[in-house]
Amino acid sequence: MIAHDFDYHAPRSLADALALLGQADAAVLGGGTWLVPNMTYGRQRPSAVVDIRRLGLDAIEIAGDIVVGAGVTYRQVLQSEALRAKLPLLAMMAGQVTGGPQIVGQATLGGSACYANPSSDVPACLVALDATLRLASRTGHREVKAADFYTGAFQTTRRPDEMLTHMVFAPPPGGAGCGYHKLKFSTGSWPIVTAACIAVAATDGGPRHRLAVGGANAVPVLLEIDGRDPDEAVAARLPSLISQEWSDEFAGAGYRRQVAPAIASRALRQARGAR
Amino acid sequence: MSRPSIDLALRLDHRDVVAHVDGRALLIEAIRDLGARSARIGCLTGDCGACTVLLDGQPVKSCLVLAAAADGREVVTLEGSASAIAETVRRAFIAKKGFQCGYCTSGMILVAIDLLEAFATPTEADIRSAISGNLCRCTGYDDIVSAIADAAEQLSAKAATRESPEIF
Chain A
1 MIAHDFDYHA
11 PRSLADALAL
21 LGQADAAVLG
31 GGTWLVPNMT
41 YGRQRPSAVV
51 DIRRLGLDAI
61 EIAGDIVVGA
71 GVTYRQVLQS
81 EALRAKLPLL
91 AMMAGQVTGG
101 PQIVGQATLG
111 GSACYANPSS
121 DVPACLVALD
131 ATLRLASRTG
141 HREVKAADFY
151 TGAFQTTRRP
161 DEMLTHMVFA
171 PPPGGAGCGY
181 HKLKFSTGSW
191 PIVTAACIAV
201 AATDGGPRHR
211 LAVGGANAVP
221 VLLEIDGRDP
231 DEAVAARLPS
241 LISQEWSDEF
251 AGAGYRRQVA
261 PAIASRALRQ
271 ARGAR
Chain B
1 MSRPSIDLAL
11 RLDHRDVVAH
21 VDGRALLIEA
31 IRDLGARSAR
41 IGCLTGDCGA
51 CTVLLDGQPV
61 KSCLVLAAAA
71 DGREVVTLEG
81 SASAIAETVR
91 RAFIAKKGFQ
101 CGYCTSGMIL
111 VAIDLLEAFA
121 TPTEADIRSA
131 ISGNLCRCTG
141 YDDIVSAIAD
151 AAEQLSAKAA
161 TRESPEIF
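Line order of the protein sequences matches chains A and B. Just so you know, we're using UniProt numbering here: the first sequence kicks off at 1 and counts up by one. Just so you know, we're using UniProt numbering here: the second sequence kicks off at 1 and counts up by one.
Source of the hints: derived by calculation from the structure; they are not laboratory data. Hints are supplied without guarantee of correctness; some may be wrong.
[Unchecked claim] Below, a list of computed lysine to any residue pairs in the SDA-like style, where the Cα atoms sit at most 25 Å apart:
#1 A:K184 - A:R269
#2 A:K184 - B:T45
#3 A:K184 - B:E124
#4 A:K184 - B:D142
#5 A:K184 - B:G140
#6 A:K184 - B:A125
#7 A:K145 - A:D65
Keep in mind it's a predicted model, so treat the numbers as computed, not measured.
Excised from the complex, chain A in its bound form (with noise of 0.2 Å):
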């Protein structure tokens, strides 16, 4: 049971859900995987909770751009074959996220995008894959690139009043490779380092990479790389990028800034190989 009282609302149009969030203190409730719990241990105590079911946030749309809901869950990143097609590292990242097929089936990606846990698979890969992220609130729209998003563990630039509504995404260009890798300590642990990576192949002087490294730093680090070997340019320039070291339970100080190169490579590899 959670121990404080709240007001839930499921409205049915986003214009009921932005009037609701404008008042006092209102949490965004996805899939519910992060803020149920919070509110049952105390964590977060919002007064007002706004459920994002029926409001038509759980599709993705590929017409040009590839337009994802907030609400679509990895699952649905999954299903979607012309997804799967379009943007395979999403669907890399999303078929390695942990806590099983109920997590798979619940967690939502605005919702892993909004909390920005610097552990969670989701903020880097919107960073590598230069996602657009669409907040609107009663006073307006926005758009905010995600590397642009993040500002520290568990912050971003979204204000209380506002809802993450859509991640929009260019295809990346035809011929570009794509690479995943993560670094935990058992099959349901939390990743202690991600690195997603777009390669895209140049004309002169090898790939252009769009490397973004996630669980080492408080936010994602971006690194832009040419070149047919650029595992000296990230060994040489990553560790310096991790600016604020993430730590926790389960790697102290240092050790994810000594481990980040050799993940990062890892994907690096992985992107050229897949193109």
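Let chain A serve as the given structure and place chain B on it in line with the hints.
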């Protein structure tokens, strides 16, 4: 002071149920109060899977669902799971001793049924992946995996018998 309460109408194990529940209740708490005791309260963090039920046909950890969010939806617990696959999995858990204390068993059996409904011939890796969201604190995983593999074999054998032509 009276707590805010809500009217909850759901289909629980194939029965329509209307209940007046505390607005702060989790789905696992509401359905247990309504008599569905096979689903267990474990960690309440979404880690252990003891509270697994099917919500609109999908396996969910019901400690992560507000009871209010289940209004108008269908919940099936192990008690309401009555297919031939369900019966075979249950018997296989007994035959292969797929439990010790039994606390995780309802959740384990439900994810096993969900797996076998989707894949008739799972590999051991498929089985281990299917139960990866369910913890057995007695650590009896090998017997659980063996029970699910045994159920899959029995179901495949039955299907083969049905499909073979009658020669007499």
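Status of each hint after checking the structure:
1. A:K184 - A:R269: 19 Å, holds
2. A:K184 - B:T45: Distance of about 20 Å is within 25 Å: holds.
3. A:K184 - B:E124: With a Cα-Cα distance of about 21 Å, the restraint between A:K184 and B:E124 holds, given a limit of 25 Å.
4. A:K184 - B:D142: 22 Å, holds
5. A:K184 - B:G140: 23 Å, holds
6. A:K184 - B:A125: At roughly 18 Å apart (the allowed maximum being 25 Å), B:A125 and A:K184 satisfy the hint.
7. A:K145 - A:D65: 15 Å, holds
Checked against the numbered hints given earlier, this structure breaks none of them.
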